[in-house]
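A.B. asks: Residue numbers (my numbering), protein chains in the order written: chain A, 1 to 386; chain B, 387 to 699.
No wet-lab data here; the hints were simulated from the structure.
Hints should not be assumed to be uniformly reliable.
Unchecked claim - Simulated pairs of lysine-lysine, BS3-like, Cα-Cα distance not exceeding 25 Å:
#1 Lys-668(B) with Lys-203(A)
#2 Lys-557(B) with Lys-476(B)
#3 Lys-588(B) with Lys-417(B)
#4 Lys-396(B) with Lys-417(B)
#5 Lys-580(B) with Lys-417(B)
#6 Lys-477(B) with Lys-194(A)
#7 Lys-396(B) with Lys-203(A)
#8 Lys-481(B) with Lys-194(A)
#9 Lys-187(A) with Lys-276(A)
#10 Lys-561(B) with Lys-187(A)
#11 Lys-698(B) with Lys-561(B)
#12 Lys-676(B) with Lys-651(B)
#13 Lys-698(B) with Lys-203(A)
#14 Lys-194(A) with Lys-288(A)
#15 Lys-203(A) with Lys-476(B)
#16 Lys-391(B) with Lys-561(B)
#17 Lys-476(B) with Lys-194(A)
#18 Lys-194(A) with Lys-479(B)
#19 Lys-187(A) with Lys-249(A)
#20 Lys-187(A) with Lys-475(B)
#21 Lys-203(A) with Lys-481(B)
#22 Lys-689(B) with Lys-668(B)
#23 Lys-203(A) with Lys-477(B)
#24 Lys-557(B) with Lys-637(B)
#25 Lys-288(A) with Lys-276(A)
#26 Lys-203(A) with Lys-417(B)
#27 Lys-668(B) with Lys-637(B)
#28 Lys-637(B) with Lys-662(B)
#29 Lys-249(A) with Lys-221(A)
#30 Lys-2(A) with Lys-240(A)
#31 Lys-425(B) with Lys-187(A)
#32 Lys-425(B) with Lys-203(A)
#33 Lys-588(B) with Lys-187(A)
#34 Lys-588(B) with Lys-668(B)
#35 Lys-479(B) with Lys-425(B)
#36 Lys-194(A) with Lys-475(B)
Stated by the list, open to error - Derived DEER-like restraints, expressed as beta-carbon distance ranges:
#37 Met-226(A) with Asn-635(B): 21 to 27 Å
#38 Glu-508(B) with Lys-221(A): 35 to 41 Å
#39 Ala-174(A) with Lys-477(B): 34 to 40 Å
#40 Lys-221(A) with Asp-424(B): 39 to 45 Å
Quick caveat, the model's predicted, so the values are computed rather than measured.
For glycine and all other residues, C-beta sits at the position ideal for the given N, C-alpha and C.
One letter stands for each residue in the lines below.
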Amino acid sequence: MKRLAVNGDQAVALTWKQVDPDVCASYPITPQTIIVEAFSDYVANGEVDTEYVCSESEHSSMSICIGASAAGARAVTATASAGLAYMWEMLYIAASMRMPIVMTVANRALSGPINIHCDHSDAMGARDSGWIQIYGENVQEAYDNSLMSFRIAEHMDIRLPIMNCLDGFIVTHAIESLSPLDDEVAKNFVGEFKPVLPLLDVKHPHSFGPFDMPEYYYEHKYQQAMAMSSALSVIKEVFKEYEKVSGRKYDLIETYRTEDADYVAISIGSTAGTMKQVVDDLRKEGHKVGSIKIRVFRPFPYQEVAKALEGKKAVAVMDRAISFGAVSPLFADVRSAEFDNRVHARTVSYIYGLGGRDVGVEDLKVVFRELASGNAKTINYLGVKQ
Amino acid sequence: MISIKEMAEKPVRLTEGHRLCAGCSEPIIAKQVLLGTDKPVVVSNATGCFEVSTSGFPYSAWNVPWIHSAFENAAATVSGVEVAYTALKKKGKVKDDIRFVAFAGDGGTYDIGFQALSGAIERGHQFMFVCMNNEAYMNTGIQRSGATGRGAATTTCPSGTCIPGKREFPKDITKIIAAHGLPYAAQASPHNYKDLIEKAAKGFEAGGPAFLNVIAPCPRGWRYESPQTIEVAQLAVETCLWPLYEYDNGKWNLTAESKRIAEGKKEKRPIVDWLKSQGRFKHLLDPKWKSVADEIQANVDRKWDELLRLSKQ
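Use the sequences and the hints to build the structure in full.
C.D. replies: Here it is in structure tokens:
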């Protein structure tokens, strides 16, 4: 099998090359920029037919993607942090217009203070915008998730935009070994884009984005909610089909040595990789610990999470984001999943790694130690200097 | 130039039944613009009166493909449609020869929509951006914009005992757009439909970005009686407050009445006629604020002279 040494951004750009979308609109922002730089090379060298638009802002990038998608084109973009924040208004509109736009988010802290490094506060803030969100742990997953994103977003039962999230710098800039699909296999897996009532069908004019009074707005939101909730089963189908072409098996969540574990940590993104090392190290010392990685965060896999936590003594939920005045996003969802399914593990929140604060194996061992000793508070700030 | 009879036989692209006010100039302008091409058209619309009133779900007054996504991004949205067209045409998935037009108010052009508009023009998309300039945020209830004239009373720059309406002159957005060096930009008025349709036709066929800034009298916001819309628009031109001109591939041309005024074949009316025609300026007729009326006249004269110089180059 072919192997490449590439970083996460280059891996995403490679999927775009293989998919050859009709339109790409983007604005540079660290740590996403390598994606659009690499893709610009493909455009400049005629390796794709994509119309590539260097927009004057992220707000316009998303607006261009919406216009292109409504017109009947497959549209992609990428952003991070402030760029995602600047798109905010259009995120909701893209979702409500049911535009299957594929966007890579290189997760980066939000200003202020300005900081270019990894945390999940950008995408977490957009969790209610109506976008599907999937997170990758490493370069391979960034690649695989990116390819699968097209199939998920464009599925006729869903037709919702999707964020393919990868950790800024940790995944976007780190060079790892990647096993890409052959171009033909990737292209066939994703397939042709099927427009729905495209604007460019001038013989059948349609109005997109009309004004809703209270008599209709609620129903349109309900339809969105139904599409989102039906996405879980579609995502699982897409994962299965991807396994057939790639040999790589994915699920909504990934459990690692959790079956007989007493103590479990749940995380998203690259931290889940470090967590596996931590679990292995602690297992060698005889501790019954395990790790869960959330791959699909929106829609949230409540049942799967609750099932994986049944019978555990204690659970640490790792949030690389902060929600001022409330519990952090992943923690809130995990506890909600437990409550509804009568899972009674003691569950605590760890906020960690904000603004790219490095979190290594030894830091994460502290989490399990505190869980096991009962010293963990309900809300913990891992490694913060007082 | 097509005759009125021929116009009446053209397909109706924006139908009756929309919910714009009686006397609103916007549907008049939009229909005139859409008469500027016989080719299929896709319309992008910024948030505003025009969008709200023509698209109330489950109805639509649009017989052509139409998209609204937000307020500040009519130009970006139409950019997206246009690049999709280029991409799909290249692949043989779209066969028609389509034209693209964006409609926005002055807020969606001069203020919040300016960045997206400037970006889209710089990128050279083939589209025409039409500003229907009613000189304030009318959809939200007549608030001041960057297009509001000096001295005009709005709900956020009311005429009070200390401040006589808006303190500033409007931005000269048509010149700012022309400074992008685009193929075609023009000012028009719905009272002269021939001039407007001709300009729209040039804009549609400009082969790149085009900009049409149209004065759009608003009976509600400007405080005049609904039947006077066309007369008020005409007055804007006859006072030279709103000169009719075009920037056509680098050349400045005065057109229609403005051309005749420049040639001395038509009287240039004093600005006080304009101020008298609308309730939003009525405080300026008080001797207390005469200096403001004088300033407005001086500014009109200065801008007019500048345009005369440009058109002679």
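A.B. asks: Hint by hint, which ones does the structure fall short of?
C.D. replies: Hints 1, 2, 9, 10, 12, 13, 14, 16, 27, 28, 29, 31, 33, 34 and 37 not satisfied by this model.
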